[in-house]
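Visitor: So you can see what is in the structure, the chains are spelled out below.
Protein chains: 2
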Amino acid sequence: MDKVPTIKDVAELAGVHSSTASRALRPDTRDTVSDRTVKRVLDAARKLGFAPNSAARSLRTKTSSVVGVIIPDLRNPVFPSIVRGIEDGLREAGYMAMLANTDGDPETERKLIAAMRARQIDGFILATSRRDDLPPTHDGELVPTVLVNRDTDDGSVSAVTADNAAGIGAAVQLLVGLGHRRIAHVAAPRELSTGWERYRAFVDAMARHGLTVSEAQVRFCEAFTEDAGRRAAGSLLDDNPAITAIVAVDDLVAIGCYSALAERGLSCPDDVSVTGFNDTPFVGTPHPALTTIHIPHYDMGIESARLLLARIKDPGAAPKRIVLPVRLVARDSAAAPPMDAAPPMERRTR
Amino acid sequence: MDKVPTIKDVAELAGVHSSTASRALRPDTRDTVSDRTVKRVLDAARKLGFAPNSAARSLRTKTSSVVGVIIPDLRNPVFPSIVRGIEDGLREAGYMAMLANTDGDPETERKLIAAMRARQIDGFILATSRRDDLPPTHDGELVPTVLVNRDTDDGSVSAVTADNAAGIGAAVQLLVGLGHRRIAHVAAPRELSTGWERYRAFVDAMARHGLTVSEAQVRFCEAFTEDAGRRAAGSLLDDNPAITAIVAVDDLVAIGCYSALAERGLSCPDDVSVTGFNDTPFVGTPHPALTTIHIPHYDMGIESARLLLARIKDPGAAPKRIVLPVRLVARDSAAAPPMDAAPPMERRTR
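Chains as they are written, first to last, in our numbering: chain C, 84 to 433; chain W, 84 to 433.
Among the hints, a few may not be true.
It does not matter which identical chain is meant; a pair holds if it fits inside one copy or across any two.
With a Cα cut of at most 30 Å, we get these calculated DSSO-like pairs of lysine-lysine [as the list claims (entries may be wrong)]:
no., residue 1, residue 2
1, Lys122, Lys91
2, Lys122, Lys194
3, Lys194, Lys396
4, Lys396, Lys91
5, Lys130, Lys194
6, Lys403, Lys91
7, Lys130, Lys403
8, Lys403, Lys122
9, Lys396, Lys122
10, Lys91, Lys194
Please keep in mind that the hints were generated in silico from the structure rather than gathered at the bench.
Make a model of the complete structure from these sequences and hints.
Guide: This is the structure:
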């Protein structure tokens, strides 16, 4: 980087004093310099590839117009569209995104937040937080922060989420309408707000249909992954051969349920129906095409960017929570339960 | 951001002079201060959430330890793993990634590069370049740059790519081995290096098997998308009812070929075999599971980060090109041609 041009280089090439070049380059002082000189300075700046030094501005204003975006893993297909939405939302206002992955590790997240703060980040958008997390710095909320696709139990941080309760409610209602009663839930780790909300929504939705949920009907996965879903669903099916439907906490977990069924010689949806959550790209293509809940990934990204920008302008405002609507996407993985499963207390023969 | 703590705040809380606090905070000058004072200063810094000011360092050194990563669209499933690899590769060396999407628009790219340069970016990793692109600034290559999954015709910029020629060669060889002779290619826009390399590799590979490629056997898509693939394959199939196999330039385009076949009442692989490229996540799940070429996305990301870091250290070094190996992943979308297609010159009846 030893060749990055300075204002002095620009002034020299334009044949003016540095202070003149500086005034010519700043829109707010440009009218103190003649048009011809402005043109000469701008030409010189362009020729040298001179970029106005934002590090100097950053030092002066303690802002960088950069926002830190921290997610568990970009390879989880729920995140690319959210991050794309965030980037577009930030760019509308001249901001840029610095991106990092934590693999869900709180210690990595702590280090990343420190590293980003050291780079004068103006705020954070986090998709990583656990239910009991505090804002990144809690000495008077120094850094504006918005959660996306996550929330805290106490609602102390601004957040943009999808309507998890409505989504799970729609899945349960679909299955009950098809005739299912013995419906199980493969849930996410208890520490993650998204999973916890969906778990509570499952219990609530079942209760609305007069169905109680026993402990044996729920398995908590270790992660939002296909493999964790496969293992959790396997254990669930082995302990509860009578279940006829599984509400999975997300699409990757649902695809894992497919594998667990296949391993046991069971067919979806003929033996067991499965629903997902998120409507991630490509979940229409597995066999059977997955019935799932569509969440507005991209809009969640845009909204979280706009919410953060509003907080950067007014850091003292009360935390705001935005819940975006979801919709059921009925494909082929949910159907009526098998005939011999009809008597509620009878165990299905296999 | 008016509450960001300064070194003065830290010194005040610790009850020492600012210069002492500064020396206590810098690892290289820490031993000039008593252990007790160091502890007091560090405690105060932690309590206040003080982060060493990298804007000041950035101004002094004209580096930021931030790299700009510019891609067409994160929602194309080839990119998340590459970007994740880049981020991990940068983090090994204490660097971070600033991410932006161009939607393939050169004007957007130009603006993003300027905006990132203004933020003292140390270098660029670009997955956007067209074959005829010059490095981001060409006034003596001011900003170290590495291309990933892209290359320039003249090899003037460092690049990390997958072995496109070997991959297409493997696909053609598989199809020829299965008995196909009338093999078509759905190619990418001519301006994009990845697509152009694969197109040339297709012509070469066919020639190696004694097969010439007529213009009618190739369609150039408008983009690397499912919809562009569907339209290009449709036009190809309408003009060439005798083809028995399609080598698609990537997986999204291949999935588009599936749609074009289905629209014409043709079955894959019974009527027409299809191969993809990239082995993007989930292409094993469509029906039929896609036979494709696996490229090492994550490793391409890591390698491009390391290559860029080496260039930042030594900007004068000659451009380096790294080509990573690929492998054929045989699934279900390629099979022997239909029996009635055997006579090479006879048109298949439908």
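Visitor: Provide an ascending list of the numbers of those earlier hints which the structure does not satisfy.
Guide: 6, 8, 9
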